[in-house]
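Please construct the entire structure, taking both the sequences and the accompanying hints into account.
If you want this note's numbering, it's the position in the sequence shown, counting the first as 1, plus 55.
Since the hints were derived computationally from the structure, they do not count as laboratory data. Mixed in with the good hints, there may be bad ones.
With a straight-line cut-off of 30 Å between C-alpha atoms, the simulated DSSO-like cross-links for lysine-lysine are [unchecked claim]: (1) Lys128 with Lys58; (2) Lys57 with Lys128; (3) Lys133 with Lys57.
Note that this is a predicted model, so its numbers are computed, not measured.
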Amino acid sequence: MKKIIAVEGDRWCVTDRSMVIDGIVVGHIRTEDSRGLPLPQLPEGCNALGPDELIVVSNHPLSFDSRYFGPVKRSAVKGSLEELWIW
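Okay, here's the thing in structure tokens:
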């Protein structure tokens, strides 16, 4: 489960091991996994999201998400969740 944090027109950047959306740091990018194996790294730079692109991240710091594989196609999203009860 991932949270959509950026949609069409939002500007996303990868700089200095961080992902930044519209000027706000949304997550740090690790270079290795928990076993010390290298993780994929997006090239540094900035881009605007297209009409069918989303940036997704998880609240878990070890999540494998858009910080490592970049935008996903909106058509790849299979469903959504909505909070029903918070205690």
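Quick rundown of the hints versus the structure:
For the proposed pair Lys128 and Lys58, the alpha carbon gap of about 14 Å is at most 30 Å, so the pair holds. Restraint check for Lys57 and Lys128: the C-alpha separation of about 14 Å stays at or below 30 Å, so the hint holds. Taken as a hint, the Lys133 and Lys57 pair is honoured in the structure, with Cα atoms around 11 Å apart against an allowance of 30 Å.
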